[in-house]
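S.K.: Protein chains in written order, with the numbering used here: chain A, 9 to 196; chain B, 54 to 318.
The hints are simulated quantities; they were obtained by calculation from the structure and are not laboratory data.
Think of the CB as a built atom: it goes at the ideal place given N, C-alpha and C, for glycine as much as any other residue.
One or more of the hints may lead you astray.
What the hints assert, rightly or not - A partial selection of chain A residues facing chain B, derived with a Cβ cut-off under 10 angstroms:
1) 58
2) 74
3) 81
4) 105
5) 107
6) 166
7) 168
8) 176
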Amino acid sequence: MADPSDDLEDVLLVGRIAARDAAAFAAFYDRQASRALGLLLRMLGDRPEAEDVLQEVFLQVWQQADRFRPQRSSPRGWVLLLARSRALDRLRSRQARRRREERTAADRGDDRSEAAGTERLEAEERAERLGSALEGLPGEQRRAIELAFFEGLTQSEIAARVGAPLPTVKSRVLLGMNKLRHAFGAGP
Amino acid sequence: MTTMTDEAHARLGDLLPAYALGALEGEELAELERHLAAGCVACQRELAAWRRDLERLAAEVPEVEPPAAIRASLLARVAAEASPSRPPRRRLGYLAAAAGLLLFLTGATSWLRVSRRAEELAAEAVLLETRLATVSAQLVEAQAAAARLSAAMEVLSAPATRSVVLAALPGAPGARARTFVDPETGRAIFYADHLPPLPPDRTYQLWFIAEGRPVSAGTFAVDDAGQAALDVAEVAPPDRIQAWAVTVEPAGGVPQPTGEMVLKG
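Required output: the full structure, derived from the provided sequences and hints.
M.R.: Here it is as structure tokens:
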């Protein structure tokens with residue numbers, strides 16, 4: 009788990025990256041990139057796209073290292089948050105593209121919506137296979153948190169996706185996050 | 054300023070997890086943002102804790118090795134803007150050691166004096182840095198040190214914090230050490246001075262004994278002045294800690310104590 013001396017080492021590296029130290033950037037990349045790529049793959053499901061975004065993320069690290077604040081998060085947390093934001097941007101433009109395609113298909117009388125449905129099913133299957141603290145949660149709470157975290161949905165979007173009333177979704181998010189806190193607190 | 058009932062505040066607090074997830078919207082989002090902007094420290098702390106949970110969730114994804122080509126491409130792009138590396142300096146060591154000695158000597162009660170002194174040290178560090186080298190790298194390092202200091206001060210100023218003095222054993226005559234544990238956060242800080250330096254293949258390791266078993270609280274090194282500080286994220290509640298000890302171990306530390314004990318309390 010996160011070792012304070014690891015974090016300290018990372019904070020020093022980020023400081024040197026802000027001073028334009030390419031060796032520190034390489035060292036930081038070596039320490040953080042595989043976890044970031046893992047998160048991007050989890051969110052995007054597409055290897056070439058995930059690798060693309062990985063490059064964008066680390067270029068952003070290079071450009072914005074002077075904006076990092078150690079009080080707000082660990083360097084690892086900062087990188088993963090950047091990765092998540094960029095992945096959410098990609099997911100939203102994918103969604104917009106798909107909606108445009110579906111409208112076009114509907115106009116033309118095609119039935120291409122099947123492809124979109126398959127992609128969603130695969131994403132859900134992928135969610136099942138993950139081993140993580142989320143697995144300890146009741147299915148509905150886990151689903152709500154996954155949709156919020158890995159797909160960036162708001163509570164009403166989650167409600168629409170899973171077909172549950174909004175107050176129920178709110179309660180699932182709250183209970184699920186409290187269970188996660190407990191799971192992390194009890195861990196090593 | 055309108056006073057808020059405990060219930061109303063608790064209701065806002067319940068919105069924090071969704072806010073941390075980015076899933077909050079509409080009127081609830083606006084209300085919580087107004088409350089946070091008004092400066093509620095308790096909620097900001099709680100929000101930071103939820104964000105740390107989400108970082109841990111994000112970090113649980115399996116690692117996936119990127120292809121070497123990505124690393125090469127990034128380094129090529131970065132090379133154009135890079136400056137030559139400088140050898141790392143022990144600025145953090147200086148700051149933490151100076152603050153650590155001060156905190157050790159003043160004890161847990163003079164936190165105002167300590168905080169002013171800590172600000173002075175941090176300000177001094179920044180001045181030295183900007184004179185010598187690039188501003189941003191130095192600021193980040195001073196902020197890291199200040200963050201560690203503020204974590205230490207949180208422990209020292211917490212009302213329930215308990216402190217234990219460790220006494221020197223023959224292996225390190227004249228050494229002194231103290232631990233402070235905040236039972237509410239489980240966070241502990243440890244300071245020692247007059248500890249002799251060790252050869253490069255050895256390190257000091259801090260242990261606490263709970264339920265008859267020693268648990269490692271981390272390894273540390275002393276600086277040129279013979280001082281050391283350690284910030285431990287999680288220890289057992291003070292009631293369950295039977296003793297603290299420092300031993301000399303092989304570099305890198307060991308899972309169970311094997312070496313000579315130099316401090317005990």
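S.K.: All hints are to be evaluated individually against the structure, with a verdict given for each.
M.R.: Evaluated hints:
Hint status for residue 58 of chain A: holds, given a least beta-carbon distance of 8 angstroms to chain B, under 10 angstroms. Against a cut-off of 10 angstroms between C-beta atoms, the interface hint on residue 74 of chain A holds, since the closest Cβ of chain B lies about 4 angstroms away. The criterion of a C-beta within 10 angstroms of any C-beta in chain B is met by residue 81 of chain A, whose closest approach is roughly 6 angstroms, and the hint holds. Checking residue 105 of chain A against chain B by beta carbon gives a least distance of about 22 angstroms; that is not within 10 angstroms, so the hint is violated.
About 20 angstroms separates the beta-carbon of residue 107 of chain A from the nearest beta-carbon of chain B, more than 10 angstroms, and the hint is not met. Below 10 angstroms, beta-carbon pairs count as interface contacts, and residue 166 of chain A has one with chain B at about 7 angstroms; its hint therefore holds. Here the hint on residue 168 of chain A is broken, as its CB sits about 12 angstroms from the closest CB of chain B, past 10 angstroms. The beta carbon of residue 176 of chain A comes no nearer than 13 angstroms to any beta carbon in chain B, farther than 10 angstroms, and the hint placing it at the interface is violated.
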